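A.B. asks: Heads up: the sequence shown is residues 289 to 620, going by this note's numbering.
Don't read these hints as lab results, they were simulated from the structure. All values derive from a computational prediction rather than experimental measurement. Hints should not be assumed to be uniformly reliable.
Distance ranges between label pairs, derived from CB positions [claimed, not checked]: (1) GLY482 x LEU299: 51 to 61 Å; (2) ALA294 x ARG425: 22 to 32 Å; (3) PRO451 x PRO380: 21 to 31 Å; (4) PRO492 x VAL456: 26 to 36 Å.
Glycine included, each C-beta is placed from N, C-alpha and C at the ideal position.
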Amino acid sequence: MGAVIALEGLLAQRRVWRGQAVPAPAPAHPTGWTALDTALPSGGWPDAALSELLLPADGIGELRLLWPTLARLSQASDAVIVLVSPPCRPHPPAWQAAGIRLGALHLIETAHAREALWATEQCLRSGACSAVLGWPRQADDRALRRLQVAAETGQTLGFAFRPLKAAVNPSPAALRIAFDPAARQLRVLKCRGGLAPAHPIALPDLFLSATELRRHCLPSPAPPVEAPPRPRLHEVLQGGMRPITLPAAAGTTPGACAPDADAPDEDPAQRHAPLPLPPAAASLRPPLAFALPLPPAAAVARPAGVTPPSSASPGPAPLVPAHGIALAPVQA
């Protein structure tokens with residue numbers, strides 16, 4: 289009756305049932321955003337698991353959320369970060385400015401949604417990747433379950449970017465975060481290791497403001513180029529010319545310019561001769577009674593950065609927003 293039995297022995301023999309077993313906390317990767325790390329029970333991205341990011345649209349700052357983690361992972365000499373079928377081509381200068389080593393980035397382009405799912409699963413399962421970013425467009429719960437198991441098998445950090453409308457469906461992902469760019473905040477829908485935060489997480493530095501979106505993502509209209517001012521009538525008269533209309537008589541030419549009364553006498557044969565056009569307008573024949581002095585081409589005011597349109601122009605260059613993805617679609 290008074291014998292002391294070690295508790296460890298009873299647990300090893302499974303003779304004692306532990307009602308609330310507390311597993312050891314799984315390691316996590318800090319997100320680099322203090323507010324998000326504080327709200328998540330694990331303190332960061334769950335390791336060896338799939339994190340699902342739900343977006344109302346592409347290019348709203350979702351990659352900026354991952355850049356601190358990817359920058360830290362890419363510093364390893366053997367780091368491999370794979371992007372599977374992104375909606376747009378990554379912009380290398382933006383990734384490099386975020387501290388990510390470009391040599392660690394690998395891009396996989398696929399033609400079909402099934403190929404993208406297969407490539408994402410193989411990269412997660414291989415165990416050779418530090419992080420895998422995928423954009424599964426047509427993925428059900430079974431496909432996401434395969435990605436989650438592949439991330440656990442390969443001990444790989446996985447991210448899946450999906451439309452926000454998929455939030456109503458269940459998901460086996462260890463972490464689900466919904467983006468709200470209008471309120472500039474995140475909502476944690478599901479997290480491993482505890483209850484999801486009841487209140488949204490405000491991250492104003494993550495999202496671009498409306499002004500920044502217009503500046504970085506939308507083409508700014510070119511300012512109109514004003515035509516050079518035409519000389520006024522008193523300027524023409526001061527130059528010794530005044531418009532007149534002469535009848536078509538012998539020895540005269542319609543539309544000629546008569547000299548001023550104060551002008552010195554000249555040869556009568558040249559008095560009614562048509563005035564020659566300026567050299568800059570030799571090919572122009574203005575329908576006026578006098579030739580307007582045109583300013584040289586170098587005197588035409590043009591705003592800085594505005595170039596005249598050309599028919600041989602290859603078209604607008606891909607636009608580059610600050611969030612890291614150029615607005616140039618991936619060619620299949």
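A.B. asks: Now tell me, hint by hint, if it's right for this structure.
C.D. replies: Hint check:
no. : hint                        : result
1   : GLY482 x LEU299: 51 to 61 Å : violated, 25 Å
2   : ALA294 x ARG425: 22 to 32 Å : violated, 56 Å
3   : PRO451 x PRO380: 21 to 31 Å : holds, 27 Å
4   : PRO492 x VAL456: 26 to 36 Å : holds, 27 Å
Taken one by one, the earlier hints fail for this structure at numbers 1, 2, listed in ascending order.
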